[in-house]
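These protein sequences, in sequence, are chains A and B. Take the first sequence: its position 186, counting from 1, is numbered 186 in my numbering, and each next residue is one higher. To convert, count from 1 in the second sequence and add 1000; that's my numbering.
Derived from the structure by calculation, the hints contain no laboratory data. Be a bit skeptical, because a hint or two may be false.
Covered stretches of chain A (chain B as the covering partner; in silico rule of three or more C-beta atoms under 8 Å from a C-beta of chain B) [unchecked claim]: (1) 109-122; (2) 128-135.
Here are the computed lysine to any residue pairs in the SDA-like style, where the Cα-Cα straight-line distance is at most 20 Å [unchecked claim]: (3) B:Lys1043 to B:Gly1016; (4) B:Lys1089 to A:Glu63; (5) B:Lys1089 to A:His20; (6) B:Lys1024 to B:Glu1013; (7) B:Lys1043 to A:Ser45; (8) B:Lys1030 to A:Ser42; (9) B:Lys1006 to A:Lys33; (10) A:Lys64 to B:Lys1030; (11) A:Lys33 to A:His20; (12) B:Lys1089 to A:Ser42; (13) A:Lys33 to B:Lys1043; (14) B:Lys1006 to B:Glu1055.
Counterexamples of contact, computed for chain A against chain B with all Cβ distances above 10 Å [to be verified]: (15) Phe69; (16) Val72; (17) Ser73; (18) Ala75.
All C-beta atoms in this analysis are idealised placements derived from N, C-alpha and C, irrespective of residue type, glycine included.
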Amino acid sequence: MEPNYTRAASLALITLNTNHITATPVSPLPILKHIPGVLVLSFESVAGELGMDRRCVMDMFGEKNQDAFTSVSIADGKTRYLVTYNQHLPSSLVQRALARELGHIILGHDGSLPEDIRNDEARCFAHHLLVPRPLIHSLQASGLRITVEALGSITGCYDYCLSCMRKQPPVHVDPVLNRAVRDQFMPYIHNYFEFQRYASHHDSSALADFGSYMEGYEE
Amino acid sequence: MDNIQKQLLDAFEASGLTYDELAKRTNLPKSALHRYFNGETEKIPIDRFQAICRELHLDARALLGWKEDHPDDPLSETPRTAEARILAKGIDRLPPEQREQALNVIRAMFSLHADYFDGNEESTDGT
């Protein structure tokens, strides 16, 4: 059995489209909160409600799940999801972890798939959600040199996340879906280039100001 | 001291056990047991509560006010109608005791928020 990357990437774009996401960084938390049958709680809330220590709760689920994980409850034909996450992490890490958990839910993972496969699919979903390829293609087509710094600043993703994105296998998403997502990002792309043009006039002075500001700083 | 803690204390005194003995049997620190029984700690972690009740021959569910037939009872020893799974990395490789403890926490959370899920699903059906 192989992960279905095309399905994961397509569902990430459908999620962007149906949630009317028109700008980056994409924030998975509001999307998660709008899905029926999904509850999102921090480790702190879980620990508080059960009268336990937060660290104890986190350790209970193993060291690999300190950022976030999803649990499923299946009863009477209803599937319910509980997403538990660590809110005391840099926002880029929280964003990536929640995007991955959102992936599990949107992809309908219920524990029946082998762990490796469901994790690969959820990661693929997360990368396509946070770094939408139609957006990147449009930026490239508009003449932006796609560097890690540029991508990081646009998507809010950190280097590691972006390097993982590069390792994602190629997927063939329906061109209609690609176009729909690209179109919804067009006003954002236009604004971004407008801003870049404006900022380029101010860059050097801004850097100089920053330098003098630091000169006066002593610990 | 609330009613639950009073019942715990009564059962402990009736058991004839010492704090040392109960601490050994439940694998809990003696100081924690003192805090639980004298009401100093308001919320007793559910896994510890279950362990104490087991040793004092108390019905944890009845003490918490759970109905016998509550479908999502997190303390139930019998199979539940709701099946809980954790989609976490390496969860199947955790020691069985730890995995069961983690599952109990998850079951408890689904139970505690049953109303949220019911309301959440109902309102969505109506839109």
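Hints violated by the structure (numbers, ascending): Result: hints 2, 3, 5, 8, 9, 10, 13, 15, 16, 17, 18 break, sorted rising.
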